[in-house]
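**Q** Knowing the structure of chain A, use the given hints to seat chain B on it.
Below are the chains, spelled out letter by letter.
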Amino acid sequence: MKKVLAISLLTTALSLPTISAAHDFWLLPSSTVLSGNDSWVTFDGAVSNDKFHFNHRPLRLANLIITGPNGATLKPQNPHIGKLRSSFDLKLPEAGTYRIAAVNDGVMALWKENGEDKRWFGTAAELAGKVPSKADDLRILQRGSRVETFVTQGRPTPIEAPESGLGIRPLTHPNDLFTNETAIFIVTLDGRPLPNVEVELVPGGQRYRNQIKEIITTTNENGEFEVTWPNAGQYWLHFEHRDNKTSVPQAQSRNLSYTATLEVLPE
Amino acid sequence: MNTVTLLALASAFPAGTALAGELSLDLTLPRIDTAEYHRPYVAVWLESDDRKVVRDLALWYDTQMADDEGRTWLKDLRQWWRLSGRYQDTPADGVSSATRPVGKHNITIAADAPALQNLPAGHYEVVVEAAREKGGRELIRLPLPWPLEKAVAEQQNGKHELGEISLKASP
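Protein sequence lines, in the order shown, are assigned to chains A and B. Residue numbers for the first sequence follow the numbering used here, so the first one is 5 and each next one is one higher. Residue numbers for the second sequence follow the numbering used here, so the first one is 215 and each next one is one higher.
Simulated from the structure, these hints should not be mistaken for laboratory data. A portion of the hints provided could be inaccurate.
[What the hints assert, rightly or not] Some but not every residue of chain A turned toward chain B, in silico, with C-beta under 10 Å:
| hint | residue |
| --- | --- |
| 1 | S35 |
| 2 | G40 |
| 3 | N41 |
| 4 | S43 |
| 5 | V45 |
| 6 | T156 |
| 7 | Q157 |
| 8 | G158 |
| 9 | R159 |
| 10 | P160 |
| 11 | E164 |
| 12 | E167 |
| 13 | L175 |
| 14 | N179 |
| 15 | F182 |
| 16 | P270 |
[What the hints assert, rightly or not] Computed spacing ranges between beta-carbons, pair by pair:
| hint | chain 1 | residue 1 | chain 2 | residue 2 | range |
| --- | --- | --- | --- | --- | --- |
| 17 | A | P253 | B | K266 | 47 to 55 Å |
| 18 | B | H252 | A | D247 | 50 to 58 Å |
| 19 | A | L88 | B | D247 | 37 to 45 Å |
| 20 | A | S35 | B | S384 | 55 to 63 Å |
| 21 | A | D42 | B | Q302 | 38 to 46 Å |
| 22 | B | T248 | A | R123 | 56 to 64 Å |
Every value quoted in this text rests on a predicted model; they were computed, and no experiment measured them. Note that CB positions come from ideal geometry on N, CA and C, so glycine has one too.
The following block holds chain B by itself, in its conformation from the complex:
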């Protein structure tokens, strides 16, 4: 399912709540005072603590360029590219969409989303990585035990390229 659809579904519910089994991630792209601002590339993925299981949740990049030239800079999402992107013929197929403006965004991963199916039990992290042209890069990790046994509410604040990130999930 594509992220745009997921966002549309998410908007029907109050922000910050998560239906049973789904993951709700609020992600703020901070306003950055710079002469030339480009929207960041952002990858969100789920990673097991031994890095053996990696599931893409979202990828925001410049999808509008001719010949998909926007993919040239996917490698700047360094950790996502090394663990996930470069092993796929079409990186993050089905969860890719255009870059987003400054502000608060929600990514909701439905309980029946492919990324959450047959997910082995374990200690996971939801990883958010952002890289901006002519700017910096930042990576934030939020713990997620799986399967969900009780409600999860995690929050962290980025310092550079990411603002507040919060993850909510309930069994």
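This is chain A alone, in the form it adopts within the complex:
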């Protein structure tokens, strides 16, 4: 897990080291750039520390949001939840870019009851019934995450930043990434550029090398970061943010995370 998050947790009063024990999430598309008239992509989703290797848990598909080029929502086909991964298929009925995202918005509460540590995860709506309104060391956190990827059939169409939570507004289209070329993305928070956030990129194929070879960079004052792709392959893009702009009244802070899978093609 991220060193940055671990440090920021240690330095805040709301220290919650349990979060940094979480594994990483990812979606993996079988193709990202497609031609022809009958295009299908299959996706794997998993939770594991080794990016794109299935060795821990499947990704839950309950909060999958697939958006087509015209803004319409599409349904995944043949969804399957296995022991180590989940998968689903998607037909691309028209030209343009598709956004495939698992979006989660939940609440975590921690408190003590008779000296015993209690922990609860759920939705904001369930909070009142499940968590005491007063308890020793009661801490309530809103948690939002977006795990996504992009695929394009034919002509690419623009990607908008998500209205809430963390996201990206790509200046370089995510389905137009090539080795040795530089791509620029804007990191957004609630749709607006987020300066000075640390961004991590991890190339796939981690099992076949001894170092992670992550790329760490920081967004500039316009929320932009750039990366020059050293190799072709799948990349795991990740960043996090923490503030107190919660939409859940009982929560003292919100923890947000963003993850995308980006495919870089050889020149």
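**A** Below, chain B without anything else, positioned relative to chain A:
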């Protein structure tokens, strides 16, 4: 004008010469020793050095499949697909034709071909990209200043999917 017609016209002249204003490209598809050989998909295009002007010159792909299913693999011509193919409703309409066998082929682009009309002055490259099913991919670039002020004769040799490529043009 379609490439087949262009080739037919070209065959009336000795190979390797270019009439005023036309482009003549000799392109060799090498014999490749493999258990399962498929003819490569090939795209030839003209590209300005800032990539803002891209003109298709030829596209060889599997045109004979039902429902034009051969287009499914056009994306394997990765650079052509990203710069040109995917922005067209009917990719390379008018310059597409069937895949070609191993051997030497000529592509002649007539001076009055649509690809050469209203071409802004600049530094261009003629780009040849080949991708083969169960095989590799290769891309070769030959410089072409435009408009032509003197005769151009460029030659390069591919290492994998392409053999000798030569470009001739004269003002």
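**Q** None of the hints should be skipped; say for each whether it holds.
**A** Verification of the supplied hints:
no. : hint                           : in the structure
1   : S35                            : holds (8 Å)
2   : G40                            : holds (3 Å)
3   : N41                            : holds (6 Å)
4   : S43                            : holds (8 Å)
5   : V45                            : violated (12 Å)
6   : T156                           : holds (8 Å)
7   : Q157                           : holds (9 Å)
8   : G158                           : holds (5 Å)
9   : R159                           : holds (5 Å)
10  : P160                           : holds (7 Å)
11  : E164                           : violated (20 Å)
12  : E167                           : violated (28 Å)
13  : L175                           : violated (16 Å)
14  : N179                           : holds (9 Å)
15  : F182                           : holds (8 Å)
16  : P270                           : holds (7 Å)
17  : P253/A with K266/B: 47 to 55 Å : holds (53 Å)
18  : H252/B with D247/A: 50 to 58 Å : holds (55 Å)
19  : L88/A with D247/B: 37 to 45 Å  : holds (41 Å)
20  : S35/A with S384/B: 55 to 63 Å  : violated (44 Å)
21  : D42/A with Q302/B: 38 to 46 Å  : violated (18 Å)
22  : T248/B with R123/A: 56 to 64 Å : holds (59 Å)
Checked against the numbered hints listed earlier, the structure breaks hints 5, 11, 12, 13, 20 and 21; every other hint is satisfied.
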